[in-house]
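Trainee: If you want the building blocks of each chain, they are given just below.
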Amino acid sequence: MHVDWTALGEVTAVSIAVTVGVVVVFALGVLGVSQVEAAREKDAGGTHTLGFAQAGLCFLACAAIVAHGIYLIVPQFH
Amino acid sequence: MDHITFLVAVVIVTALAFDFTNGFHDTANAMATSIATGALKPRTAVLISGVLNIGGAFLSTEVAKTISGGIVDDTLVTPGMIFAGLVGAILWNLLTWLLGLPSSSSHALFGGLIGAVWVGAGEHGVHVDKVVEKVLIPAVASPIVAGVAALLATYLAYKITARARQDSVTKGFRLGQIASASLVSLAHGTNDAQKTMGVITLTLISAGALGHDAGPPVWVIASAGLAIGLGTYLGGWRIIRTMGKGLTDIQSPQGFAAEAAATTVILTSAHLGFALSTTQVCSGGILGAGLGRRLAEVRWGTAGRMVIAWLVTLPAAALVGGVSASVVKHGGTFGTVVIALCAAAVAAFIVLASRRNPVRADNVNDAHEVTVRAAAPTTVGTVA
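For the protein sequence lines, the chains are F and L, in the order given. Note that the first sequence ends on residue 752 in my numbering; no numbers are left out. Note that the second sequence ends on residue 381 in my numbering; no numbers are left out.
Source of the hints: derived by calculation from the structure; they are not laboratory data. Glycine included, every Cβ here is placed at the ideal spot set by N, Cα and C. Worth double-checking, as some hints may not be accurate.
To be verified - Residues of chain L placed beyond 12 Å of chain F at every Cβ, according to the derived structure:
1) Trp115
2) Pro135
3) Asp246
4) Ala286
5) Lys326
6) Val334
As the list claims (entries may be wrong) - Calculated pairs, DSSO-like style, for lysine-lysine (alpha carbon to alpha carbon, straight line, at most 30 Å):
7) Lys127/L <-> Lys38/L
8) Lys168/L <-> Lys156/L
9) Lys326/L <-> Lys716/F
10) Lys168/L <-> Lys716/F
11) Lys131/L <-> Lys326/L
12) Lys168/L <-> Lys38/L
Just need the whole structure built from these sequences, with the hints factored in.
Mentor: Here it is as structure tokens:
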């Protein structure tokens, strides 16, 4: 019987790293949105430039990862 | 079409029936947490999942070249054994659905085939070392990996958003869940519909209706995709309740973390050639997400029942597959008809039993337990 421990270890490491990475980046994006919404609540025209930029960047990064996921799922792309 | 004998036709119908149970058994994997957190309305969720499953079936061209991935000796497999194995898998899928237990459809299929080949061709037809390598080790490792990943991710997600506005957080992660759940559905369609296509194609090849190395005909792709998509759309609400509500109380950041973990584990393992069970990965992710949030209650009783179902799935499906194979082997066409009728009767009984305490789209989130006994009447004060 042959068990490929290296591959198993690789799956473990990559899965944990990617999951934590995606969720942390997404959480930072949500934090940005929350800052923008908090500022808007304080006064009607208010905004939070840093929060806005943070949310934009983070969600863009997540979209890129989703795109890569679709690329991996669909064999025609390989 | 003269090559399509009675037995081959029965195998095709049974394979599509298995595909259908596969679909509604596994809707929960992708959609349970999204339904539980309110990211998607129940009916919208199963519609998206069904469409993506059909889409996934058409997208993937890499049809399983072997029925079992080397777990059984494919050269010894006859259509009769495939039929017997499928019966074992279908009945186990229906029984676990009745009990609301998320068990692996792939393990049910492998188990049914192992039992059928063991009885039909002898024990040398089953490659035990392959079973350990391809089924047992991923089955132990993958839920743990997904669980650890979801646990860490959930913990950090709550830490980062601790001082943010809670309604922004809930809304944001709900939107994220729609994307992550859709990815799980798409991956499911490309993987699981392939199994049925592989089974039907190889049956047609063994019957001489298709040349060797032939790909699946369009009608096979279309019918397999439709069967799994319809099954998904019908929704295994009993299992959705267990996964979304039963294991732990899920909030949207946890749902997102669980689905992200499941998607990543599925994609990285597929990339490295591990076969694994989507169900087990998703359940592991949900448990991890439950442990990652402080004060979240994980119902270990439900989790324990689920793990027992995982352990029993392969042997139980193997037992039914073996018994069916022995009847088909000794009874010929008559035996096949008897088994088909028995299976239909048991399936009908299970569906009737589920009616006693039905779980539907409109009550899926109302409780966290799935019971088989009839619910106590809720209208007590109507005695006039």
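Trainee: Are the hints correct? Go through all of them and say.
Mentor: Evaluated hints:
no. : hint                  : in the structure
1   : Trp115                : holds (19 Å)
2   : Pro135                : violated (8 Å)
3   : Asp246                : holds (19 Å)
4   : Ala286                : violated (10 Å)
5   : Lys326                : holds (30 Å)
6   : Val334                : holds (39 Å)
7   : Lys127/L <-> Lys38/L  : violated (41 Å)
8   : Lys168/L <-> Lys156/L : holds (17 Å)
9   : Lys326/L <-> Lys716/F : violated (77 Å)
10  : Lys168/L <-> Lys716/F : holds (20 Å)
11  : Lys131/L <-> Lys326/L : holds (28 Å)
12  : Lys168/L <-> Lys38/L  : holds (14 Å)
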